[in-house]
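S.K.: Turn these sequences into a full structure, and let the hints steer you where they fit.
2 protein chains.
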Amino acid sequence: MFGVTILGNNSALPAYDRHPTAQVVSIQDQSILIDCGEATQIQMSRYKVKRSKINHIFISHLHGDHYFGLIGLITSMGLLGRTSELSIFSPPGLKEIVDMQLAVAGSSIPYPLHFHTITGAGLLVETPKFKVSCFPTQHRIPCYGFTISENKAPRKINKEKVIAADVPFSFYDELKKGFDYETKTGEVIKNETVTDPASPNKKYVYTADTIFDINLVAHAMDANILYHEATYLQDQSQKAAERFHATTTQAATIAKEAGVKRLLIGHFSSKYESIETHVQEARTVFASTDLALEGVTFLVQ
Amino acid sequence: MFGVTILGNNSALPAYDRHPTAQVVSIQDQSILIDCGEATQIQMSRYKVKRSKINHIFISHLHGDHYFGLIGLITSMGLLGRTSELSIFSPPGLKEIVDMQLAVAGSSIPYPLHFHTITGAGLLVETPKFKVSCFPTQHRIPCYGFTISENKAPRKINKEKVIAADVPFSFYDELKKGFDYETKTGEVIKNETVTDPASPNKKYVYTADTIFDINLVAHAMDANILYHEATYLQDQSQKAAERFHATTTQAATIAKEAGVKRLLIGHFSSKYESIETHVQEARTVFASTDLALEGVTFLVQ
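Going down the list, the protein sequences come from chains A and B.
In terms of our numbering, the first sequence opens at residue 1 and continues consecutively.
In terms of our numbering, the second sequence opens at residue 1 and continues consecutively.
Be careful, since some hints might not be right.
If chains are identical, the list can't say which one is meant, so a pair holds when it fits in one copy or spans any two.
[What the hints assert, rightly or not] With a straight-line Cα cutoff of 20 Å, these simulated EDC-like cross-link-like pairs (lysine to aspartate or glutamate) come out: (1) K48 to E273; (2) K190 to D173; (3) K50 to E273; (4) K48 to D17; (5) K202 to D290.
Source of the hints: derived by calculation from the structure; they are not laboratory data.
M.R.: Okay, here's the thing in structure tokens:
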């Protein structure tokens with residue numbers, strides 16, 4: 001299972017039962033939280049997202065609609081008895097805010113909490129199951145997008161060829177990892193002669209808040225799902241640019257150029273009560289577009 | 001109109017669709033916000049509370065369940081075009097947190113925002129319509145309760161007596177304010193001979209988070225409504241004391257001793273899915289008790 005569940009799809013402030021940005025990426029038995037607007041913990045209860053499975057939180061930037069819910073979530077995790085480690089990645093300044101909030105409350109976080117400051121592009125986390133890396137986006141303050149991918153999938157055993165080469169079943173796991181097999185007589189069976197390449201690692205790309213920026217195409221290239229903000233409809237492209245945000249068709253253009261399988265758009269301006277026109281506009285440029293609707297899980301496939 | 005609308009009645013963390021503490025007191029055309037837990041602005045939308053009418057916010061103490069929603073609310077007020085002044089009263093430390101959050105966002109509040117630090121008991125605000133004063137409660141960190149009362153109600157014109165004394169109608173407003181009337185011949189008509197005393201000023205007393213403390217009786221005396229926390233049922237009185245909280249029957253005891261007209265209990269522990277037993281227990285001591293249910297407006301009368 002590799003999927004993303006939308007908890008908040010609105011920009012700036014809550015409106016029309018849309019909430020500030022938050023998404024949970026589930027990858028095998030792990031959950032990753034991306035951004036954490038106000039009331040994210042309430043949205044987690046509403047949509048049955050298990051807080052205990054979250055071990056990594058990534059905050060794209062320190063505008064309030066992307067992190068005001070963090071302090072409530074991490075203190076609640078403590079009250080709920082969490083003992084396992086939690087790592088939080090963000091641009092500079094978040095730890096100082098949390099520390100000050102804990103200090104005035106005379107309290108502390110009762111589980112190991114690690115803050116990691118993002119200062120540039122690169123790999124943030126690598127586990128046996130997934131990798132998370134980041135890249136800068138062009139916004140009013142330091143802001144980063146995230147790429148979450150499965151870690152290297154195993155090579156596939158070619159049944160006919162392994163049987164023909166007489167490689168024992170007990171060595172199959174080693175073959176999947178890419179090792180060659182040496183027979184009792186010293187002959188080397190090269191891995192690629194008995195296995196097929198693994199499927200490409202699936203990836204989810206989250207471009208956070210950003211102005212229309214063609215440089216994002218490289219980061220989004222071949223993503224199974226690209227999330228791109230579409231704060232405004234296309235007729236507001238000038239306002240979007242002034243505020244370092246993007247429009248529906250701009251998001252769709254990035255998706256099209258990057259050849260992604262599917263585009264999700266979100267971060268809708270509170271000025272729009274209905275967001276149906278957003279998806280209609282985006283689909284004129286990139287047909288495989290959907291609204292990042294709250295409570296919906298999109299499979300990364 | 002003098003009433004209190006409950007926006008959040010839970011303690012510590014959101015649970016069972018109960019939210020952290022927040023209440024709006026409406027007094028004539030003004031609204032006063034008391035405490036501002038996470039998602040208060042969302043609760044305001046849900047229950048049609050107009051943010052624009054709020055000019056005063058009182059934060060009892062800096063545990064997160066009483067103020068984590070403040071930064072979202074005050075930044076949203078700016079985004080919604082607010083230009084009028086807002087005053088926030090709290091124990092020390094809140095301004096520093098808000099300032100740090102604004103700094104990392106590279107933003108500012110676009111309307112006049114005044115922080116006032118509470119350091120002891122006393123009068124906080126007096127307007128022609130209402131007065132707000134505070135008193136310390138016994139909690140783990142500095143914490144204050146609030147008394148909100150109508151400002152001095154006008155004296156009542158006694159129609160028969162003013163007519164008999166031949167006081168002109170144009171002087172009635174002065175009579176209501178307590179002034180004597182001097183006739184053209186120099187005779188003084190004493191105010192109290194032609195008016196009746198005003199009704200007592202109605203008052204709402206909010207005792208915030210507190211251990212069971214008999215000293216609160218003096219502050220709650222003769223309140224039209226007393227809000228007292230009842231985090232736990234009575235069988236948890238030891239735990240309540242350890243955590244500087246109160247139980248159902250303790251809240252009711254304060255209400256009874258203070259001779260209040262009505263008691264509201266709230267700040268329920270998240271361990272309780274149902275809070276029906278809370279009100280049943282409290283009523284065994286003080287019959288005129290109700291649950292501070294979210295979305296309900298209780299008239300202060």
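S.K.: A separate judgement is required for each hint: does it hold in the structure or not?
M.R.: Hints and how they fare:
| no. | hint | in the structure |
| --- | --- | --- |
| 1 | K48 to E273 | between (26 Å within a copy, 17 Å between copies) |
| 2 | K190 to D173 | within (15 Å within a copy, 103 Å between copies) |
| 3 | K50 to E273 | between (30 Å within a copy, 19 Å between copies) |
| 4 | K48 to D17 | both (17 Å within a copy, 13 Å between copies) |
| 5 | K202 to D290 | within (19 Å within a copy, 55 Å between copies) |
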